[in-house]
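Build out the structure end to end from the sequences listed, making use of the hints.
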Amino acid sequence: MRPSPLAFIILIVFLAWLDFYAYQATKTLLGKLKSRAKKVIRYAYLTQAIAMMGLIMFLWLVQAGTTSFMFLLSIIFMSYAAKLLAVLFVFFDDIRRVLKWFFEGRKRRYEKRVASGQKMPRSKFLARTAVVAATLPVVTMSFGIVKGAYDYRIRRRKVYLPNLPKGFEGIKVAQLSDIHSGSFFDKTAVQGGIDLLLNEKPDLIFFTGDLVNNETKEVKEYIDMFSKVKADLGVYSTLGNHDYGDYRAWSSMAAKKQNLDDMVKVHERMGWKLLMNENESLKVGTDQISIIGVENWGAGRFAKYGDLSKAVMHSEGDAKLLLSHDPSHWDAQVRTQQPDIDLMFAGHTHGMQLGVEIGDWRWSPSKYMYKQWADLYKEDNQYLYVNRGYGFLGFPGRIGIYPEITILELTSKPV
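In this text, residue positions in the sequence shown follow our numbering: the first is 951, and each later residue adds one.
Among these hints, one or two may not hold up.
[To be verified] Straight line, CA to CA, 27 Å or less: simulated BS3-like cross-link-like pairs of lysine-lysine:
1. LYS1233 x LYS1151
2. LYS1233 x LYS1170
3. LYS1254 x LYS1167
4. LYS1108 x LYS1137
[Claimed, not checked] Computed spacing ranges between beta-carbons, pair by pair:
5. ASP1174 x ASP1237: 32 to 38 Å
6. PHE1041 x TRP1200: 43 to 49 Å
7. ALA1253 x LYS989: 53 to 59 Å
Hints are computed from structural coordinates only; laboratory data are not their basis.
Ideal Cβ placement from N, Cα and C applies to all residues, glycine included.
Structure below.
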C-alpha cells in the first residue's frame, strides 16, 4: 500500500540528507586525486543520487509486488543501506571533531588555524572505514539474491501426538507455505524445490497460504509446475492474507471477487483441496483424523476472514490438524477456544527472510513481531509449526533464513 504524500515527502528529504552526508566521506578520500578525476567522481555520485530519487518517485506511482518492482526496490534499499552505514562513521568523526574543537580552547584553535591555514581535517581513517562498511550491505544483499532466494532447505521434525490413530503411525506430512509466485525470477530453481519435496515421498501435503503477492494471475505460469505436487493421501490448502487481493486497487468489488473466485479455481486445477473455514475427515482403514482449514486470521491489522468455530463444526477424528496461515492465530484463538486441536500448521512470517540459525538456536527481527516465528512450538498438549516460507516478498532474496520444505513425522509414541 502506498504511503501518504506527507510521509513520502519526509522520506525524500531524509534520503537527500543521507546522500549529502554520505558524500562527505567520499569527498575526504578525493584529496590527492587530480582535479579532473575529482570532478568525474563528484558528477558520478550526483548522477546516481538523482537516479535513486527518480526510481523512488517512479515506484511510488506503480503497483507494488511485481518482480521488477521488488528488484528496483532492492537496488534502492542496498544503495541507502550502504550510505547509512557510511554516514554512521562520518557522524562519529564529526562528533570527534566537535569535541576536539570544544576542548582545545579558542586561543589555541586560532593559533593553529593561522599557522596551518587549514580547517580541522576529517579523519581519513574513518572515511576509509565508512566506505568499506558501505560495501557490506551491498555484498550481503547481493549474495542473498543470487544464492539465498532458492536455497531450499528440508526441515525435519518428529511430533508426538498421543491421540494419533494406529493407522496413521509414522505418517510423513510435508508443508509448503508462502510461495509468492509473483516474486519468482528463476523457474528452473523453483522446479528444483518441487523435485526436492517430491523426492521425500510424503504421505500428505499441506499448503498454508500466500500463493501470490497481489492477484491470482501471478501464478498462471506456475500452475502446471505446482500441479505436480501430489501425495497418496492428498494435498490440502488454505488461503493467506495475500491471496484475497487486499493489497492492490480494483476497478470494482466485482473485479476483486472475481480474483478470489479465480484463486479458488487455481487450487482446484492444481488438485489441491482448499479448505475455507471447513474440515474434512481423512481415513486410513477404520482410523481417521480431521484436517481443518481456516481462512486467513491475523492479529492486529491483518484481515480476519477466518471462522474457527465454523471450521471445526462436525469435525471427526481422533487427532485434529489445523491449517491456518498466521501463527498469531494460535495464541489468540486456537489454544483458548479449541484445546482439542493437536497440531497447527502456519507460515506468514518468512522469518523476515533475514536472520541467523545455528543448530536449534535462531534469531531474526521477526521475533520482535511474532512470538512464534519459525519451527516447532509446544504449549501443554498442543503443537504449532511455523514454516519459513517457500518464496519471498519485498526483498527478492534471503539472508540466513532460507526457503523451507517442512517434513513432519507424526507418532503416537513419546519422542
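Exercise. So which of those numbered hints doesn't the model satisfy?
Worked result: Hints 2 and 4 are the ones this structure does not satisfy, whereas the remaining hints hold.
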